[in-house]
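**Q** Using the sequences and the hints, build the whole thing.
The lines below spell out each chain.
There are 2 protein chains.
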Amino acid sequence: MSLDAVLSRIDADLPKATERLMELLRIPSISTDPEYKENCNRAAEWLVADLQSLGIPAEKRPTPGHPMVVGHIDGDGPHILFYGHYDVQPVDPLELWDRDPFDPEIQDTDTGKVIRGRGASDDKGQLMTFVEACRAWKHENGSLPCKITFFFEGEEESGSPSLVPFMKEHADELKADLALICDTGLFGEGMPGIITMLRGLLGEELTITGPEKDLHSGMYGGIAMNPIRVLSKIIASLHDETGRCTVPGFYDGVPDLPEDMLNQWNNLGFDPKEFLGAVGLSEPAGEQSHTPLEMIWSRPTCEVNGIWGGYTGSGFKTVLPSKASAKISFRLVGQQDPFKIRESFRDYVQSMLPADCTVEFKGHGNSQASQMETDDPAFEAARVALSEEWPQPAAYIGCGGSIPIAGYFKTILGMDSMLIGFGKDDDQIHSPNEKYDLNSFHKGIRSWARVLDALTKA
Amino acid sequence: MSLDAVLSRIDADLPKATERLMELLRIPSISTDPEYKENCNRAAEWLVADLQSLGIPAEKRPTPGHPMVVGHIDGDGPHILFYGHYDVQPVDPLELWDRDPFDPEIQDTDTGKVIRGRGASDDKGQLMTFVEACRAWKHENGSLPCKITFFFEGEEESGSPSLVPFMKEHADELKADLALICDTGLFGEGMPGIITMLRGLLGEELTITGPEKDLHSGMYGGIAMNPIRVLSKIIASLHDETGRCTVPGFYDGVPDLPEDMLNQWNNLGFDPKEFLGAVGLSEPAGEQSHTPLEMIWSRPTCEVNGIWGGYTGSGFKTVLPSKASAKISFRLVGQQDPFKIRESFRDYVQSMLPADCTVEFKGHGNSQASQMETDDPAFEAARVALSEEWPQPAAYIGCGGSIPIAGYFKTILGMDSMLIGFGKDDDQIHSPNEKYDLNSFHKGIRSWARVLDALTKA
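Protein sequence lines correspond, in order, to chains A and B. Per my numbering, the first sequence starts with residue 1, numbered consecutively. Per my numbering, the second sequence starts with residue 459, numbered consecutively.
Because the hints were derived from the structure by calculation, they are not lab data. Careful: at least some of the hints might be erroneous.
The calculated lysine-lysine pairs, modelled on PhoX-like cross-linking and capped at a C-alpha distance of 20 Å, are [said to hold, decoys possible]:
no., chain 1, residue 1, chain 2, residue 2
1, B, K596, B, K474
2, B, K882, A, K213
3, A, K113, A, K424
4, A, K410, A, K175
5, A, K233, B, K691
6, A, K273, A, K424
7, B, K633, B, K518
8, A, K424, B, K671
9, B, K605, B, K915
10, B, K671, A, K273
11, A, K213, B, K731
12, A, K457, A, K138
13, B, K518, B, K495
14, A, K168, A, K410
15, B, K820, B, K798
**A** Structure follows, in structure tokens:
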């Protein structure tokens, strides 16, 4: 076989590959909202059909939530599992989108062509880079380069409730030598990264109740407990003046970053002014005793993702509300235990409740942080292969986001994960006007062809 | 003429009077929501037709917002203006209503029959007590007891933006000897009150912007400013540990309550445990250095009426939001100046903003507090007349709500207001399942017949 022929085939097939991605992007597979359930199912069916068109016996596998897509193809060499997710984030606030989020198009921008639409980058576009690499390989060579298991889920953006049970039930079927995951970004312009450190995630929702019903703020204002004030005070108390989280025991299991890793990161040329400037900010607002890269890669966080209570419509309503709620998430690192932190957080909130208030909690998923073993020669082989495709050599980096699947692959299936992705900081994932650079899509497909080639030889 | 005949007529006509009120309640005249504009217009037209059926040449008068209803009928004796409002509060959260808020019905409860529906108490039911008293009077005597101006507005629940301009433009037409306002409550079971003290209101809305767009909390969490955290901290800072508002200069113009008034209030038999217990609370949560009645009648407040930001739907979204907003209202007393407090509040919020955050403000109406001159003999005549209708003698009381119209009548038209109403603490005005006791409606109509009779003789 010839890698060059595969790469040429990828170049020639790019317009059709892009059209296939557009088809998938047109399916509004928002997993967190029950109204979009059938659309998640349609996205899974689309992927099954696409894999089958490559001669891969794939099928939709039911779960209590959205279905999994699983396909196996036999081959020589190592057994690789490729993971991606076909579900996407909600699109609100819809009014900030320049177009229908589910009517994607190729747009010309100052920095080149982009594919605009929800899921273009996270994760449909990234998922399809691997599928298209396989398609080109199959076309040129008649078969795939090694034994591959395709494993796509549809609940990544809503806490993956079905993932662990499914993996446990089908552990024998899913176990491979190495997992490839495409749900991350380039480190910098023209510089890919292989992520070796991922933060975990703990999601919590709390609702504080004061009066048993909404009250008139004239009649009761001044004498009745206001749950919005109580909730605000609790949120204000979750961090101290230096930006540290005050939940008791929160930093148990948080390691200091090894000196050599800190030095390597300090030499990556990361410019916090540029990173923050791209979103209208200027100053790192996290723990003041740590560097900006530590803040987003190796330090834990506590953030409020949503808050609501009382009257939020247009105009004014002089209500003193019965309830106020917030969604709060914690990014976890090192050996932080999500279950212990959940318990400590709930106890801490309870301890701050004044008289006449009650609180209810709802959990929204949890996962520990992950750390990869980079002495596996496959890592260095992949890093060299990526470096051949891109202008800048690939680096081992951290990631602030939570990709719990990597942890599950390790703990449930006993395999390491290689996290390689081609997203960019300005892709606006989870935000209005999400996009994926056409260049990321194109070179992403080429990158996987090179990595597959390297892994079969490693 | 005979007052007894009028009262008998009222008793006999109660079923029909109730059916007329139900008709008005079926019109969803929510003034704060532009979607209900035509329904506000319909409510005004209904009232015009009803007044015309009494031989009163009434008409709908346009404003930039919802129309006024004005009608004049000549007569001997004093010139009275009666004020009420036909608009109602929004109905959310709709799921907490036991029935369609705009499909009212008479319900049997443990404490007697009630009229259930939005506006039953605030203010359609109360407004109609006066209209029905006039109807009975006209029926028995062929004319009304004195010269009366009817003045109904449709923007009371949304800050009355058109009221002051309209009153200024039509001051000569609207000026009377005394205003009667029916938009308040009984003081206690079977005990009416005449309100001599009303709190003012200042409404503010603020939106804090951090990042210029919503961010992924994994990618940016730990380094980017979170506007929900900033807003929570600001709200938490608006009160000190003793419950006092911390806005600089907030207490300028707040008088100490005179000793004799405090003594009178202490003898009213007000039970804070019962008042708070009715809404699931137990402890007065306001300024700890003041009595419960002071907290709701004579002390100013700062309350949060609504808060929102980030993802508030079902499930979870790991967003780090660009914006967070709150609606905040201040109840004002004595000589507190709403414009100075607005300025001080906005400066105070600005002073608490961290780097990379901006704030935008929106004003939602403002009014000073009001104090009535109770040495006018009409007050005592009305108090005695009310005492004849109800089991308990009527009292001069305070009111925590803001009825700015009373202040406008004084400053723009130079006339005092007599605030008499028949609502009850458990009417759930501004809340789900609003009701008006059928007894309040019936004895309210009878009360106005007695008061009109007394005023023509005072």
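**Q** Below or equal to 20 Å on CA atoms is what counts here, so check K457(A) against K138(A).
**A** holds (18 Å)
**Q** Has the given pair, K671(B) with K273(A), been kept, meaning a C-alpha gap of at most 20 Å?
**A** holds (17 Å)
**Q** Given the hint that K596(B) pairs with K474(B), test it: the Cα-Cα distance must not exceed 20 Å.
**A** It holds: about 16 Å lies between the C-alpha atoms, which stays within 20 Å.
**Q** Does K915(B) sit within 20 Å of K605(B), going by the straight-line distance between their CA atoms?
**A** holds (13 Å)
**Q** Regarding the pair K518(B) and K495(B), is the alpha-carbon distance no greater than 20 Å?
**A** Distance ~14 Å between K518(B) and K495(B) Cα, so the pair holds.
**Q** Keeping to a limit of 20 Å between CA atoms, is the pair of K113(A) and K424(A) held or broken?
**A** holds (13 Å)
**Q** Between K233(A) and K691(B), does the CA-CA distance stay at or below 20 Å?
**A** holds (7 Å)
**Q** Would the hint linking K424(A) and K671(B) be met if the CA-CA limit is 20 Å?
**A** OK: K424(A) and K671(B) at ~16 Å, within 20 Å.
**Q** Take the C-alpha atoms of K213(A) and K731(B), compute the straight-line distance between them, and say whether it is at most 20 Å.
**A** holds (17 Å)
**Q** Next pair to validate is K882(B) with K213(A); report whether the Cα-Cα distance is within 20 Å.
**A** Holds, because 16 Å separates the two Cα atoms, which is no more than 20 Å.
**Q** Does K798(B) sit within 20 Å of K820(B), going by the straight-line distance between their CA atoms?
**A** Roughly 15 Å separates the two Cα atoms, so the pair holds.
**Q** CA of K168(A) to CA of K410(A), is that 20 Å or under?
**A** holds (12 Å)
Hint compliance for this structure: every hint is met.
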